[in-house]
Each structure stands twice: as C-alpha cells, then as structure tokens.
Amino acid sequence: MGDDYNDLLQGTLELLVLKALSLEPMHGWGIAQRIDQFSGDVFRVQQGSLYPALQRMLRRGWIRSEWRTTEHHRRARYYLLTAAGRRRLAAERSAWERVSAAINAVLAVRPASGES
Amino acid sequence: MPLLSDVRERIRAIVWRDRIERELEEELRFHLEHDAAARRRGGSGDPEREARLALGNIERIKEDVRDARGVRPLENLAADTRFALRTLRRNPGFTLTVVLVLGLAIGAATAVFVVADRVLLAPLPFRDPERLVRVDQHYGSGAWGTISAVDIQAVTAQARSLEAFGGVRFVEMSLTGAEAPERITVGHATAGFFRALDVPAARGRLIEPADEAPGAPAVVVLAHSQAERAFGTAERAIGGAVTLDGVSHTVVGVLPPDRSRLVGPQTAAWSALQLETPTRRGPFGYRAVGRLAPGVTLPQAQRELADLSARLFPVWRSSFPDSTARLVPVDLRTALVGHARGPVGLFAGAVALVLLAAVANVTTLLLARASARQHEFAVRVALGADRGRLARLIATECLVLAGLAAILATATAAVGLRAAPLVAPTLPRIAEARMSGGAVAVAVATSLICGLLAALAPLSVAVARGSDATAGLAGSGGRRTGAGPRATRARAVLVVAEFALAFPLLAGAGLLFTSFVRLERVDLGFDPNGVYALDVSLAGPRFEDDTVRLQFWRRLEARAAESAGIAAVGLAGSVPPDNFGDVNNFNLRDKPVPPGTAEPVAPWPAVTPGYFAALGIELLEGRPFTAGDSAGAPPVVIVSRAWAAKYYPGESAVGKQLISAGCTTCPLVSVVGVVGDVRYRGLAGEADAVYEPIAQAPVDRLYLVARSRLGPAATFGALRSALAAVDPNVAPVEVVLADRVRDALGDPRRWTSVIGAFACAGVLLAALGIFGLMSYVVRQRQRELGIRLALGASPGSLARLVMRSGLRYAALGIVIGVGLAVLQSRWLASLLFGVEAIDPLALGLVAAGMLAVAALACGIPGLAAARVHPVEALSMS
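So the sequence lines, in the order shown, correspond to chains A and B. Heads up: the first sequence begins at 39 in my numbering, then just goes up one per residue. Heads up: the second sequence begins at 2 in my numbering, then just goes up one per residue.
Among the hints, a few may not be true.
Stated by the list, open to error - What follows is a set of in silico ranges between Cβ atoms, one per label pair, in the way DEER data are often shown: (1) Arg-131(A) to Ala-392(B): 43 to 51 Å; (2) Val-8(B) to Leu-145(A): 41 to 49 Å; (3) Gly-49(A) to Leu-454(B): 46 to 54 Å; (4) Ala-143(A) to Val-8(B): 38 to 46 Å.
Stated by the list, open to error - If you only want the chain A side, here are some residues facing chain B, beta carbon under 7 Å, derived: (5) Trp-67; (6) Gln-85; (7) Gly-86; (8) Tyr-89; (9) Pro-90; (10) Gln-93; (11) Leu-96.
Said to hold, decoys possible - Incomplete in silico selection of chain B near chain A, CB under 7 Å: (12) His-35; (13) Ile-62; (14) Val-66.
Quick caveat, the hints were computed from the structure, so don't treat them as lab data. Glycine residues also receive a C-beta, built at the ideal position from the N, C-alpha and C atoms.
With the sequences and hints as input, model every part of the structure.
Here it is as structure tokens:
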C-alpha cells in the first residue's frame, strides 16, 4: 500500500532522523518527538515507519544503537550518529542547499518584458 | 563502511535472531509506555489507546523491521530447511534409502570419473604436452611395435618436423657396490629424449650428445629417490660413482623428485644410449619420443616419417624385408594411455548406468512420497499456502536430501579412489587419481543435479494436484485415490527405465564373468605350483664373450641341480604365461611369405633340456636337445604343438627348415622336435613357441627355473646360494610362477567383481522400484480388488493379475535393455576372451534371470492382493 508515497518520504525521513541524532543520542520515541518539534506541522512522522527506517540506517552504517538507561531508570534503545552518518548528513545538507538554491533561482525568474 | 555494517547487521540478524526479536518487542513496548506517559501528563483521557493509535499496527511494524533487516530469503530458507529436516527425521526409512542410494551411486560415479579424468584426459606433466609424439613402427597388418637403432639415428638426423627427438630403452641392471647387489631399472636414453620432454635436472646436468659417442665416459643421471638412497642427498650424489653391471658410472645429474618415471616404468637411473653403427635393421626394442617443431601438425610429421621410412627401409631389406612397415608418430598421451580406454570406458559406462538407475529409483520414491502427502498438501493449500511456497517446500526437501547424499558421496568417492589402485593397478597414472577439491565439487554438483532431477516429477505432481485443494481433501477423506494416474504412470515409466538400465549391466557382467571363467580354465600346459625361478641377467664387460656367458649358465644350472630338495632345474629365456618381449621373426623354407610382406613371429626362448623337465613339458615327437647341438653344430629348434599345428597342419613339423630373424645368409634352422604347449603370449594368447638351445643362443638373460617340494623361501635360498657360488655380484629377481599365473588373471578378476557389484546394484534398484510400484498399485486398487473378490474372483487370480501387470513393465524394460546391451557390445568385445560380445543364449539367460527377479519382487504385492479382504476393502469407500 502506498509504496510510491513511502519511497518519496523515506529519503526525507532519513534526513530528519540524521539531523535529530546530530543533536544528541536518543531513543525512537525521542526521535519522533524531536522531528515533530522542529518541523511543526509540515512533516508528521508516521511513527510506524520510523523503526523500519532506523533498521535500514543501521544496515547502512549511518547510525548505531545501544541500550541505555533513561532518566526515569528505564532501559531503552538509543541511537547514535556514526562518523559515516555525520558525513551523510553533511552531504545531504549541501545537496539540499544546492537543489533548493537552484529551485529558488528558477522560481525567481520573471517573464522577460519583450516577450509577451 | 556501508558494506561492512550491512553484512554485520545481516549476520547479527541471523545469528542473534531470537535476541533481536526480543529487543524489538521491548523497544516498541518502551515506545508505547513512554508515549502513553507523555500523553497522560498532557491530560489525555485514554493515553494507552491514543499511544497505540499513534504508533499503528505493531505486528505490521515488526514485519517491516524484519524486512528491513534484509535476511528474509535466508530466514525462509532456514525455516524450510529446518522443516525439511524435521519431516525427513520423521521418515527415517525413506530418508536413509534415498541418501544411501544416491550417495553410494554418486560416490562411485565420482570415483570412476576422477579416475577417467586422471588416466585418460589429464595432460601429461610436460611442457606443451600436446606437441609430444611417440614414434612407433606400424605394420601393414595393423600391428605395431618398437623401433630399431637405425631408425633412431635416421630420424634424429633427418626429420625436420620434429624439433627434438630421442630414443630410450629400459633395461634392468645390477647395481653393485653398496650391500647386496640390487636390480634396478635403467633407461638408456639419448640427449634428444630429455630435450623432447623438456625435463630439467634438479642437480647437475642431463644426458648430452657428447655422452652418446661410443666409448665416451660412462655417466648416469639418477632419479631423486635413488640419489637420496645411495648418497644421502641429491647434492652429494653429483660426482659420485655407481657400478651398473660391473661398470663404474659417474653421477652427473639428478632428476627432480616428481620425475621417478618419465614415459615408461619407474626408472632409478638414466644412462646414455650409445648406438654403434648399425649392421642391420634390428634388433628392435627402442622407444622414441619427439616434439613437433613449431607450426608443424601431426599429419605433416606423419607424412614426413612415412617418406623417410620409404627411403630408409629398402636400404635394410636383407634384414627387414617387410615393405608394409612405416615409422609413425602418434600423440604421446594416446600412445601411453590408449589401452586404458577399454577398461576405463567399461567402468564409466557401468557407473553411469547405475547412477541413472539410482536417480530413477529415488524419483519413484519421491513420487510415492508426494502421492502419500497429497492430503497434507491439500490442507496447506486450503490454509492459504501458494503453489510457489509448496514447490519450495518440496525443492528444499530434495536439496536437503541431495546435501546429505553429497556428504555420503564424498566419503564414498574418497574410499573408492583409495581402492582404485588396488582394483586396477595396471592402469597408467592410476595412483595420481586422488581425492581433491575438484572431486568433492563433482560429488556435490552431481548430488545437487540428481536431487533436482529427482525433484522434478514430484514437483509437477504436487503442484498440479496441490492447487486443487478440494479434490485432494475429498480424495483423502473419502476413497483413497492417491496421486491419480499421472504419478502412477510416471512411476511405471521409471520402473521400465530401471529394468532397461539394469539389463546391459547384468549382461555385461555376465559376459565378463564367463570370459573370466574361460580364462581361468585355459590349459596352462604345466602345473605352476612348486615352480620357482630366478631372473638372472649377465651384462657388462665381464660377460661380453659368448663362451664366458655359456660357461656361466652351465655352471649355474649344474650348481642348482645339486641343491637338495630341487626336483628338476633348467634355464629358459621366457617363463609362462606372459613374456611378450621375447619373440623372433622367421620364414618357412618350404612355405615362405610373399616378398615384401611381414614375416610371422613366435615366442622364441632359449632353453636347456632341464627347463622342459622342470615345467613337465613333454616331448611329443622327434628328439630333445643334446650336447651335440653346440655352437658350431647346425642350428636346431624344438617347436610347440600349437606352432606345429599352425604352420604344418596335418603333417609332421619335424625335419622342416626355417630362416630365423630374416638372416638369409645364416644357415637354415631345422626343427628336430615337438613339445607340449605352454603359453608365453598371455592366457588369452596362442601357445605357439620355438625353443632354441642356449649353446646356439648364448643370451645374457635367463630364468633359472626349478621345480621343488620345498617352500618358496627354501627354494629361493637354494637357488640364490647356487648363483652366489658362481658369481656373487649378480642380482637376481625372484619369480613365483603360480603368482605370475594369478597376476595374469588379476585384472579380469577384479574388473569382473567391480562390474558384477555394479550389476547387482542395478538389479537391486530395479527390483526395489518394481516392488514399490506394485505394492502401491495394490493399495490403490484395494477397492477394485475387493469388488472382484466379491464377484467371485479367486485370490490366486488376483495375485496373477498383479504379477502380470508388474512383469509387463519388467519385460518392456528388458526389451529396451537388450537394445542397450547390443549397443554396448562394441565396447565390451575387446575385453572379452572366448565369448562373443552378443551371445543370444547369454542374453536370454540374463533376461530370464531379470524376469525371475521381477516376479519375486512382484510376488510380495501379489500375495498382498490375494489377501485383500472383500468386506474391509469395500467398507473403505
């Protein structure tokens, strides 16, 4: 169901996860919370798709996980950004900046006066 | 390193599967609790429910995470494999049968194919081995043989198509000096021999052209093991001296350790072949190898040597009148291993038939199993399994079986290859056929292929029927229809195939066995028990003079005759039953062969009268050799009865005259006597022989033959001490004639046993196959049989009904098998003695035997049919 939609979302979701984890190591719920926080209403993370995404990113070596104790003395699985993940985030960001700059430039073009 | 982390995560996912599942469970639970707690703090009315809604379907998430681990296919395979192993463990009889049948057959096939590859196909261990040739002399009659010194010199000097060419002659020499004199095999070779083979020396140098000049210092190149034995190390051997036949040779080189044999027998030492200027074309006995010059093809070389022969041979017409003979270069590997094609082909053919029969058998077993599991498959389909999943289940099961079979096959092949040199010690290079990675790969690959082949039929049945869930369920719930006609027909075809495959196996084994019995019953012409011989060779400068040698032989015989316990003793140039080399050509004075054609040859041993006494060969006609048949007297021979019957049928051979060895200037040789037959051309060979007195043929090598009531140890002790008393520096070789006779039967006996074992396996498989099929048919038709009984059929008629339909399959298979047997006869013919390759009586007997086996195998289900109880059978519906 909705594979195309998921695929479209996946890259973005991963970028958001990388960004969230670049601030500090956190568990799955924390990541979801943080993404909601800094994207407001624009990106609503489907919590169900977060865990498969984390699993994929583990396999790619961008993040690693370890079990830690929370401030409420509960055991939880924390995710940490690896060096590869940090490089990935930087690459994604510069790619994003290039693309958005280009799109901005395109959108900024006005119709030439002599043409219409 | 994304690849590394990827692999690591996947391996973790497999290895720590259960722990990772628990962790996932815990992680999601934590998420829910944490989320609920946050929502409670936010004032939610039902925080748990909201948290669950926000997260979504937990099982779905788990599945997605599992997919994201990337080990799904592997996990499925593992699950299927575990399931297959569990199912197979529950059916130990079935599993064991399949694994045994497949494993043993594939193991045997692997061993035979490794042998075939090593013996027939593996390239010779020389540089560019396909450029190497052996030069033989071919005769117009199709026979071929060794070449002479003349030919070696002519080809060396003239042939352009060979970039290197050399001759070799293997002789046994006495090695003296160290302790007791020892007999070793020495290759007398020209420099070109080593150059053609392109074998480097490990130490020092090889034979060089300067060494070949008559009178050049005697040098020797040692085999590595010989150098180590005599001098400790290869380095120390260089410059040392070894005494061969009383002549001191300087060691100039040592061959590498893996070169204990080059193109002939195991050779301890190599010395220079020094060829004198020839006076006639002969004697023969030289082998020659050459290397084709760059760009020259074998046919070109053959044309050049044919032209050379046409120029050369007429020059020597006086000593070699056969104008049909030609020097012919033949591919060296073919020359060395060509004779092994027959037996190896026989083994390969037999093992291939067994393997096919085994696959057919396993297929019937799997088919039967698939039929029996019809109900299970129907349930699975009803519960939602798709056909692919079902097919994968069956395929996995077959692959697991194939894997188990592969393990057994590898073990069987290893045992088989270890036994191979014992089974066929006379095959060239057999010792090189060993277990290797390649052999394991063959065993495993063959197992997998056979497993998949065997899986095809049950797959098609199960998938076709499996999709029809209602029919399957109804069938098993109501009448036992089983797999239906399709599977039964497939099994019947396979049973026919099994009989068709077993027939040529059994027929071949029968022919080989008959041939072996004929060979064993061949009249040797003497009783080999209690006959012992010392092979004595006199060579070197001390024995160059004819009279010295003759004197030595006379004293040796006299000395041995004095020994206690020796009943009779004599000297002979050959001993039965196989002494192929000692032959001579001759021409009958009154019936000469047409000019320009090959003269007849016969075994030609020089003997003393004592030899006839020692073997118990009777004088049938004429007179024995006497003291009067001396060196200066007119030459005489005694012939065997077979010789006399061959050349003078219906008349007496005594008094006839012949020209010996093509020597037209020599005095004519007279036949003075005829003696009983003894074979020198092998058990299967003719018994023709011509004996000459040693006084007129003072040869340098004779057997001291004794008949004795003492055991071998005491007899050889007495003979050895007689020899030592005459000359302590001559090394003899002990020969037990009974062993020679047994060895001559060795190959046929071993080959017959192996093929016999294959044939038994083939027949057993066929019997098992038809037994399984008919038992199944009886079970399947129980209701029909019950009705027949109820309608008045007798139990006996039902048994006959079952047997008749079973025997129909067997008979059809046998008819096809007869065709295969006729096809294989071409192969078999060269390996048989005294039987025709297509013997209608033998084929009939084999067919009858197989029908009897089939009847026996069908008899048990037949009896079961007769015991069907009508009420029970009918109440099943």
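Against the structure, the hints come out as follows:
1. Arg-131(A) to Ala-392(B): 43 to 51 Å: holds, 49 Å
2. Val-8(B) to Leu-145(A): 41 to 49 Å: holds, 44 Å
3. Gly-49(A) to Leu-454(B): 46 to 54 Å: holds, 47 Å
4. Ala-143(A) to Val-8(B): 38 to 46 Å: Holds - the Cβ-Cβ distance for Ala-143(A) and Val-8(B), about 42 Å, lies within 38 to 46 Å.
5. Trp-67: Because about 5 Å separates Trp-67(A) from the closest Cβ in chain B, which is inside the 7 Å limit, the hint holds.
6. Gln-85: holds, 5 Å
7. Gly-86: holds, 3 Å
8. Tyr-89: Hint holds; Tyr-89(A) Cβ to chain B Cβ min 5 Å, cut 7 Å.
9. Pro-90: With Cβ-Cβ at 4 Å, under 7 Å, it holds.
10. Gln-93: holds, 4 Å
11. Leu-96: Constraint on Leu-96(A) satisfied, holds at 5 Å.
12. His-35: holds, 5 Å
13. Ile-62: holds, 5 Å
14. Val-66: holds, 5 Å
Violation of the numbered hints given earlier is absent; every hint is satisfied by the structure.
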